[in-house]
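*Asks:* Read off the chains here:
Protein chains: 2
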Amino acid sequence: MMKKLMLLLAALCGLAQAAPVERWGSTDIELKGPSSGNPFMEVELSATFRNGPRSLQLSGFYDGEGSYKIRFMPDTVGEWEYETRSNRPELNGRKGTVTAVAPGAGNHGPVRVRNVRHFAYEDGTPYWQVGTTSYAWTHQTEALQQQTLRTLAVSPFNKLRMAVFPNHDDKNVLPRYPFAGKPPKGWDFSRFDPAFFRNLEQRVAQLRDLGIEADLILFHPYDKNYWGFDQMPDEVNQRYLRYVVARLAAYRNVWWSMANEFDFLKAKSMEEWDSYFQTVQANDPYQHLRSIHNAFVLYNHTKPWVTHVSVQSGAITEDFERAVLFRDVYNKPVVYDEVKYEGNFTRRWGQLTPEEMVLRFWQGAIAGTYVGHSETYQDPNGLVWLAKGGALRGQSPQRLAFFRKILSESPPEGLEPIDKWQDYPFAGKHAQYYLGYFGKQAPASWPVSLFKTDLKDEMRFKAEVIDTWNMTITPVDGVFEIKKAGDYYFTDKDGRSIPLPGRPYMAVRLVRVP
Amino acid sequence: MMKKLMLLLAALCGLAQAAPVERWGSTDIELKGPSSGNPFMEVELSATFRNGPRSLQLSGFYDGEGSYKIRFMPDTVGEWEYETRSNRPELNGRKGTVTAVAPGAGNHGPVRVRNVRHFAYEDGTPYWQVGTTSYAWTHQTEALQQQTLRTLAVSPFNKLRMAVFPNHDDKNVLPRYPFAGKPPKGWDFSRFDPAFFRNLEQRVAQLRDLGIEADLILFHPYDKNYWGFDQMPDEVNQRYLRYVVARLAAYRNVWWSMANEFDFLKAKSMEEWDSYFQTVQANDPYQHLRSIHNAFVLYNHTKPWVTHVSVQSGAITEDFERAVLFRDVYNKPVVYDEVKYEGNFTRRWGQLTPEEMVLRFWQGAIAGTYVGHSETYQDPNGLVWLAKGGALRGQSPQRLAFFRKILSESPPEGLEPIDKWQDYPFAGKHAQYYLGYFGKQAPASWPVSLFKTDLKDEMRFKAEVIDTWNMTITPVDGVFEIKKAGDYYFTDKDGRSIPLPGRPYMAVRLVRVP
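Which chain is which? The protein sequence lines are A and B, in order. Per the working numbering, residue 34 is the first one in the first sequence, and the count goes up by one each step. Per the working numbering, residue 34 is the first one in the second sequence, and the count goes up by one each step.
No lab work stands behind these hints, which were simulated from the structure alone. Please note that the accuracy of each hint is not assured.
Copies of one chain are not kept apart here, so a pair can be met inside one copy or by any two copies together.
What the hints assert, rightly or not - Once the Cα atoms are required to be at most 27 Å apart in a straight line, the calculated DSSO-like pairs of lysine-lysine come out as:
| id | residue 1 | residue 2 |
| --- | --- | --- |
| 1 | LYS438 | LYS215 |
| 2 | LYS462 | LYS299 |
| 3 | LYS336 | LYS365 |
| 4 | LYS299 | LYS438 |
| 5 | LYS218 | LYS299 |
| 6 | LYS438 | LYS489 |
| 7 | LYS128 | LYS438 |
| 8 | LYS485 | LYS299 |
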């Protein structure tokens with residue numbers, strides 16, 4: 034009743050009333066304005082959105098041909114009123130309302146940090162990161178982009194690292210460019226090409242609808258000064274960041290990755306990287322996740338604008354006792370986004386066997402961290418997933434789907450190491466849930482032995498044996514009742530062990546029962 | 034001639050002229066002043082020391098019985114003039130000179146950070162940290178302290194972690210206390226006991242004369258509120274820090290460790306730890322090294338007042354690929370001060386075999402980091418080196434002497450990992466010096482294979498086989514001439530390998546020859 038009245042009042046008052054939008058959905062307020070001169074440089078447009086005591090400041094953007102947009106993602110249900118500000122009278126003082134309704138199925142909001150070192154969607158649903166990378170997929174032919182989307186739709190991945198700017202080796206295929214001008218380097222850095230960004234947005238929206246987070250890489254070193262997008266003046270970089278944020282922040286699945294292998298961009302100082310973080314932080318009304326990814330030099334991830342740690346390391350997830358170390362350093366979620374790739378590439382960073390790729394996800398999880406996948410199988414046409422997307426041909430993805438299923442059955446607080454530094458391969462939640470992983474070892478049994486924290490005699494657990502490679506879960510007969518045994522452990526009161534098949538890549542899961 | 038003239042002038046003018054002191058030696062300016070009231074709280078005393086354009090601000094301290102001291106460590110050779118300031122006329126405006134002469138043998142000055150992640154004495158001599166820990170040795174009987182000093186004199190250790198405050202279990206032996214009052218907790222926190230600190234200083238000076246750095250632990254959790262020194266008010270903590278710095282900063286071998294297992298001191302916040310660092314930093318004219326040591330929670334070692342990283346981890350030095358990780362995080366020297374201990378203690382942190390203790394030093398070195406030792410063999414009288422000092426009975430110290438000798442023959446810039454993340458167990462200096470360590474592996478040979486950085490065909494290397502446990506160095510016949518082999522490595526041009534004995538704990542060293 035109240036809603037109808039509001040709509041009626043809005044109509045009577047001549048206020049713009051957009052179609053209802055889901056909470057954490059996105060809607061554009063479109064206004065017509067000047068197309069002469071250089072609107073990118075000369076026209077300022079912003080808006081304040083209010084819902085009761087809350088208000089959000091949003092920047093608008095010029096989308097070409099006299100069209101100006103303010104892209105809004107309501108983060109609470111209800112009526113939002115907005116009013117624009119501009120240095121052009123036709124864009125200034127424009128008012129309207131947006132009605133935000135309850136989110137639809139699969140819409141859980143943006144991903145946030147939860148429980149210090151883990152993630153959850155804003156509605157509280159746990160987010161178990163299982164990422165992959167395809168840097169330049171949005172710069173390929175339409176057919177190849179569509180193939181990539183079809184591949185992702187049936188993949189286990191719920192995050193994709195992808196670059197805004199093209200690679201230098203995309204030179205033969207690029208249908209559009211981020212700036213007006215002539216390729217390869219005759220750019221007018223004062224004018225964006227809206228068509229380029231509309232394609233990017235379409236892809237981000239399609240990922241969103243597939244339940245995949247888009248970890249947008251804002252700068253990267255793979256241009257090698259061919260297009261020159263890796264060596265733009267600071268003023269252009271800042272304007273570019275503001276434009277990208279204005280266009281893309283309303284997609285709930287956006288994460289901001291300042292760079293891939295930032296330290297390979299030799300011309301940019303640490304102070305510049307700080308300032309890029311700060312620009313994104315200051316302009317993003319929704320405070321999407323922010324990170325920066327290294328090659329050999331680590332950024333200081335303790336800085337306050339870093340929401341989570343995005344790391345490349347070729348060795349850190351080989352065992353859980355390594356992988357756990359950065360958790361203690363940073364007290365933030367740790368994502369090992371690049372741990373070498375499954376494939377048969379000539380370079381040693383692209384030669385993991387599928388078994389090794391899967392192992393690294395498990396070791397990372399047992400360490401209370403998150404891992405990233407990609408694929409580098411050689412292809413006569415250069416169609417490598419890591420660079421261009423297309424098809425996945427590796428054997429790890431189906432095992433990562435199984436892995437993600439196991440994660441999703443874990444405590445919502447996230448997997449926490451049970452007893453770090455002691456070569457004890459278990460994560461979970463003390464006295465409730467224990468997930469153990471034996472990696473390349475091939476034990477014939479595991480003597481039930483739980484680290485003491487929060488345990489008491491007579492607690493009871495059901496157990497399962499998990500074959501992480503063959504993707505089977507086998508319940509173990511009976512219930513294990515524990516009793517204290519020595520300074521550190523509780524064991525089965527009857528001394529029972531869990532039989533294992535003597536193969537590598539086995540896991541066990543123990544869940545408390547009444 | 035000039036010097037004699039200066040001395041003459043000083044004598045004529047009635048200025049105090051102390052006996053000459055070595056550069057980086059220590060001398061006391063002693064003044065008589067009031068002994069009534071509470072001099073610790075009521076009398077302010079400081080001095081400015083000038084040598085040409087340089088000046089240092091020093092705080093004095095009350096040493097009891099009307100004696101006031103300003104303890105000075107000249108850090109350049111030459112004539113230093115000083116003038117005191119005080120709120121008491123008899124201590125104010127006192128002037129004099131101190132003549133600093135060249136340092137004697139074995140005096141290389143304080144240890145500083147060198148080459149980002151390594152150490153050197155101030156005169157440029159490399160400092161290869163091989164540390165041990167004996168928390169409460171200065172709180173034992175005179176006889177036991179003397180025994181500890183005799184043990185250290187023939188030990189491999191050039192750093193000793195030691196606590197200013199006693200442990201709770203020193204209750205039966207303590208001859209003196211840091212504060213006036215009645216034990217165990219009837220302290221007058223407004224009055225220090227100078228005799229307590231004189232003993233501490235004597236021990237620090239004796240370590241200095243043995244070439245051993247004193248890593249002074251300023252707070253620790255092993256009091257357990259028995260004496261209450263772990264739970265003093267912030268105002269007392271700050272005064273204590275200023276007093277310790279005033280008394281001890283003039284010992285060139287002092288390092289400041291804010292705490293051992295700081296996170297077990299639950300009552301102190303991170304902000305308090307920050308402020309303790311800042312107090313020490315602001316009051317120490319010589320800027321000795323500063324660190325803080327953890328149990329389970331890491332301090333943010335990226336903060337600017339942290340000069341090097343002091344870490345406890347039970348697992349990080351088990352392999353070099355783990356140990357290297359914190360180097361990248363912090364860009365400071367990394368000292369793994371506590372990696373579990375050699376011994377047969379009931380707790381699992383005190384059960385390393387000597388082989389494991391030595392292995393951790395080598396793994397740390399190959400990672401470009403530094404490691405600490407201690408010993409926890411059970412003793413019927415409770416005489417455990419870790420706690421009380423006395424005798425060393427383990428088998429690691431002699432191997433650590435051998436290890437230190439190998440380090441001391443390495444490039445003065447410090448050992449840098451040759452090819453991190455690639456399971457390549459070598460540190461050194463590209464194209465000059467390669468030190469490889471095979472840990473628990475027992476290879477029968479090593480196919481000469483050097484990672485490519487800075488290498489060229491036809492470079493030549495001499496090799497040695499090092500048995501780190503049996504402490505032998507065996508030259509390998511001939512010279513290895515290298516040629517490029519594949520994307521990453523250079524190998525011997527004739528495909529030669531280096532034979533190894535098939536035992537664990539072996540190392541190889543290759544040094545470039547013309």
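*Asks:* Check LYS336 against LYS365 for me: Cα-Cα at most 27 Å, and say if that holds within a copy, between copies, both or neither.
*Replies:* both (11 Å within a copy, 17 Å between copies)
*Asks:* If the cutoff is 27 Å on CA atoms, where do LYS485 and LYS299 land: within, between, both or neither? Let me know, please.
*Replies:* between (49 Å within a copy, 22 Å between copies)
*Asks:* Using 27 Å as the alpha-carbon threshold, which applies to LYS299 and LYS438: within, between, both, or neither?
*Replies:* Neither: 41 Å inside a copy, 39 Å across copies.
*Asks:* Up to 27 Å between alpha-carbons, please classify LYS218 paired with LYS299: within, between, both or neither.
*Replies:* within (19 Å within a copy, 59 Å between copies)
*Asks:* Indicate which option fits the pair LYS128, LYS438 if close means a Cα-Cα distance not exceeding 27 Å: within, between, both or neither.
*Replies:* Answer is neither; intra-copy 46 Å and inter-copy 78 Å both fail.
*Asks:* Have a look at LYS438 and LYS489 and pick one of within, between, both or neither, based on CA distance no larger than 27 Å.
*Replies:* Classified as neither: same-chain Cα gap 30 Å, cross-chain 51 Å, threshold 27 Å.
*Asks:* Classify it for me, LYS462 with LYS299: is the Cα-Cα distance of at most 27 Å met within a copy, between copies, both or neither?
*Replies:* Result: close only across copies, 23 Å inter versus 43 Å intra.
*Asks:* Checking LYS438 and LYS215: alpha-carbon separation at most 27 Å within a copy, between copies, both or neither?
*Replies:* Classified as neither; 48 Å inside a copy, 63 Å across copies.
Hint compliance for this structure: hints 1, 4, 6, 7 are not met, and every other hint is.
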